[in-house]
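One-letter residues, chain by chain:
2 protein chains.
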Amino acid sequence: MKTFLDCIPCLMKQALRAGRQTSADEKTLKRILDETGSLIKNIPLENTPVETAADIYKTVSRITGVKDPYKKIKNENILQAKELLPELEKKINTAKDPLLCAIRISIAGNVIDLGVDKKFNISNDLDKIIDQDFGIFDYEAFKENLNSSKTVLFIGDNCGESVFDTLLIKQLGKKIYYAVRDVPVINDVTYDDAISSGLDKVSEIISSGVDSPGAVLSKANNHFKDLFKNADLVISKGQGNYEGLSLEKRTVFFLLKAKCQVIAQDIGVKEDDIILKGINI
Amino acid sequence: MKTFLDCIPCLMKQALRAGRQTSADEKTLKRILDETGSLIKNIPLENTPVETAADIYKTVSRITGVKDPYKKIKNENILQAKELLPELEKKINTAKDPLLCAIRISIAGNVIDLGVDKKFNISNDLDKIIDQDFGIFDYEAFKENLNSSKTVLFIGDNCGESVFDTLLIKQLGKKIYYAVRDVPVINDVTYDDAISSGLDKVSEIISSGVDSPGAVLSKANNHFKDLFKNADLVISKGQGNYEGLSLEKRTVFFLLKAKCQVIAQDIGVKEDDIILKGINI
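Respectively, the protein sequence lines represent chains V and C. Okay, so the first sequence: first residue is 1 according to the working numbering, each after it adds one. Okay, so the second sequence: first residue is 1 according to the working numbering, each after it adds one.
Treat the hints as calculated values from the structure; they're not laboratory data. Some hints could be false.
Identical copies carry no separate label here, and so any pair may be met within one copy or between two of them.
[Stated by the list, open to error] Think about it this way: if two alpha-carbon atoms lie no more than 20 Å apart in a straight line, the pair counts; the simulated DMTMM-like pairs of lysine to aspartate or glutamate are: (1) Lys128 with Asp272; (2) Lys58 with Asp138; (3) Lys201 with Asp266; (4) Lys82 with Glu35; (5) Lys41 with Glu26; (6) Lys170 with Asp117; (7) Lys118 with Glu271; (8) Lys91 with Asp127; (9) Lys27 with Glu46; (10) Lys13 with Asp34; (11) Lys91 with Asp55.
Quick caveat, the model's predicted, so the values are computed rather than measured.
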C-alpha cells in the first residue's frame with residue numbers, strides 16, 4: 001500500500017505520542033516535531049507508510065536516546081493477555097468451529113496497537129470481536145490453503161496480540177515460522193517479546209530483518225524473503241504488515257482490524273471492520 | 001493561549017483539508033504538507049495557535065493560488081443559517097429568558113467550524129445546545145457588565161454562526177461594533193461575509209485587521225485596538241478568538257463550544273462543553 005496524504009499528519013501525531021512515552025520535556029518533543037516535519041519533503045508517496053514510519057520512529061529514538069519507548073507498555077500488554085489465556089483456550093475448545101474462534105481471538109488481539117489514535121480495552125474488545133461480522137471473510141479459501149500446507153509463515157504484529165497468536169498457531173497444527181521485527185518499533189513484537197509471549201513453545205521465531213512497523217520485502221533479510229517465497233501458507237497480522245505486503249504477488253491471508261479510515265478505504269471495508277482477506281487466491 | 005504540541009499535527013491536518021477544498025491534485029497537496037512540515041521548526045510555542053495557523057493557511061493559498069478555499073461552503077452555511085432565522089427568532093421571543101436563549105443560539109452557531117476535525121449538523125446541534133448545561137456560566141457577571149455598557153465590541157468568528165450573532169446582537173440592545181477578519185482564513189467571517197449575514201442591519205462592521213483565524217492584538221489595526229481598550233463590553237466568539245485573546249488584561253466574555261481537547265484543557269472544561277466565560281471580571 002502506498003502512503004496516503006492523510007498518513008502524514010497521523011505520523012506526526014505518532015511521533016509526538018512516542019516521544020511522550022519517553023518522558024521527554026516539551027523542548028525535546030518540539031524538536032521531534034521540528035525534525036519529523038522537515039522529513040516530510042523527503043517522503044515519496046510511493047513508499048509504504050511503514051517505511052516512512054520507520055524513519056519517524058528512528059528520529060524519536062535518536063532525539064530522546066530511548067530505543068524502545070513502549071517497552072513498559074509492551075510488557076504490561078503481554079502480561080495482561082497471558083492472564084486471559086486459560087479462559088480463551090476454554091472458549092476455543094468448546095467452540096463449534098475452534099479454528100474460526102482462534103482466528104477471531106487473534107484478530108481481537110490486533111486492537112492492542114499503540115500506533116493508532118484509538119483507545120482499547122482488551123477484554124471488552126475480545127467480547128465484541130468474537131461476535132462481530134467480518135468485512136471480508138475468505139475463510140473457505142483460507143481453510144483450503146491451510147489443509148494443503150505443511151509450512152506456514154506467520155507474520156506477527158503487536159505485543160499482547162502475539163500471546164493470542166499462540167492460540168491460533170495451536171489450531172493451525174503446522175510447522176510455523178513466526179516472524180518478528182528486528183528492532184523495537186512502536187509496540188511491535190520483537191524476538192524477546194515473542195519469547196515472553198510464549199511463541200517459542202509453538203513456533204520457530206525468526207527475525208524478518210525489518211526495522212519498520214510492518215514487513216516490507218525490500219528491507220527484509222534473506223531468511224524472511226525465502227520463507228515468504230517458499231512457505232506453503234503466509235498469514236499476515238495487522239495493519240502494518242498489510243501496508244507493507246498488500247501489493248505482493250503471492251497468496252497471503254491478512255488478519256486484521258481496520259483501525260483507520262485510510263486502511264479501511266484501501267481494503268474496501270468500513271473503519272473498525274475485522275478482516276480475513278486473501279490476496280492472489 | 002500558547003501553542004500546544006498537539007496543535008502542530010492538527011495544523012498539518014487543517015492544511016491538507018484546506019488544500020483539498022481547492023481541488024488541488026495530489027502532487028500539490030503533498031507540496032502543501034512538505035512546506036507546512038518545514039514551517040514547524042520556525043513556530044515558537046509561545047505563539048498563539050492562530051498566529052501559526054495564519055502562516056499555514058497563507059501557505060495553502062500561495063501554493064494553490066486560491067485565496068478563499070472555503071468560499072463556497074461559507075456562502076452555503078450563511079444561507080442555511082438564514083433559513084433557520086424566523087424559527088429561531090420565534091424561539092427567542094417566546095423564551096423565558098430571551099437573552100440567554102439568544103446566547104445559546106449564538107454559541108450553537110459556533111459548531112460551524114471548518115478548522116476543527118468534527119462533523120456538524122446545524123439543526124441537530126442547535127437542538128442539543130439549547131438544552132445543554134454550560135461548562136462555565138458567568139451569566140450574572142455578563143448581565144451586570146451589559147447593563148452598565150453603552151458600547152460593545154463583538155468579535156465574530158465563523159460564517160453561518162455570524163447569522164445567529166445577529167439575533168444575540170438584537171437582544172443586547174447596545175451600540176455594537178462587529179469585528180471581522182481582514183482577509184479570508186478558514187471559514188471565518190470577513191467584511192463581505194458579515195454583510196451577507198445581515199450584520200450591517202444590526203451593527204457597525206469593522207475589520208480587526210488580522211489575517212489569522214482569531215483576533216490577536218499584536219496583529220490588529222488601531223481601530224480594533226482602540227475599541228478593544230475602550231468599549232464598555234467585549235464579547236468574543238469561538239475558539240480562535242479565545243486562543244488569541246485569553247491572556248489579555250481587560251474584561252472579556254468568551255462564548256464558544258470547546259471543540260478540541262487542547263482548548264477544553266486550557267479553559268478547564270470537558271471537550272464539547274459550551275462556555276460563557278468572563279476573564280478579569
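Tested hints:
In this assembly of identical chains, the alpha carbons of Lys128 and Asp272 lie at most 20 Å apart only when taken from the same copy (11 Å versus 27 Å across copies). In this homomeric assembly, Lys58 and Asp138 never come within 20 Å of each other (Cα to Cα): the closest approach is 36 Å inside a single copy and 48 Å across copies. Within a single copy, Lys201 and Asp266 get their C-alpha atoms no closer than 35 Å, and across copies no closer than 51 Å, so neither meets the 20 Å cut-off. Taking the shortest alpha-carbon separations for Lys82 and Glu35, neither the intra-copy value of 38 Å nor the inter-copy value of 46 Å comes in at or below 20 Å.
Proximity of Lys41 to Glu26 under the C-alpha cut-off of 20 Å is restricted to the inter-copy arrangement: shortest distance 14 Å between copies versus 24 Å within a copy. Taking the shortest alpha-carbon separations for Lys170 and Asp117, neither the intra-copy value of 32 Å nor the inter-copy value of 44 Å comes in at or below 20 Å. For a Cα distance limit of 20 Å, the shortest separation of Lys118 from Glu271 qualifies both inside one copy, at 12 Å, and across copies, at 16 Å. Taking the shortest alpha-carbon separations for Lys91 and Asp127, only the intra-copy value of 11 Å comes in at or below 20 Å, while the best inter-copy value is 46 Å.
For the homomeric pair Lys27 and Glu46, the shortest alpha-carbon distance between copies (12 Å) is at most 20 Å, but the shortest distance inside one copy (32 Å) is not. Taking identical chains as interchangeable, the C-alpha atoms of Lys13 and Asp34 lie at most 20 Å apart whether they share a chain (12 Å) or sit on different chains (16 Å). Proximity of Lys91 and Asp55 under a CA criterion of 20 Å is satisfied in neither setting, with 41 Å inside one chain copy and 56 Å between copies.
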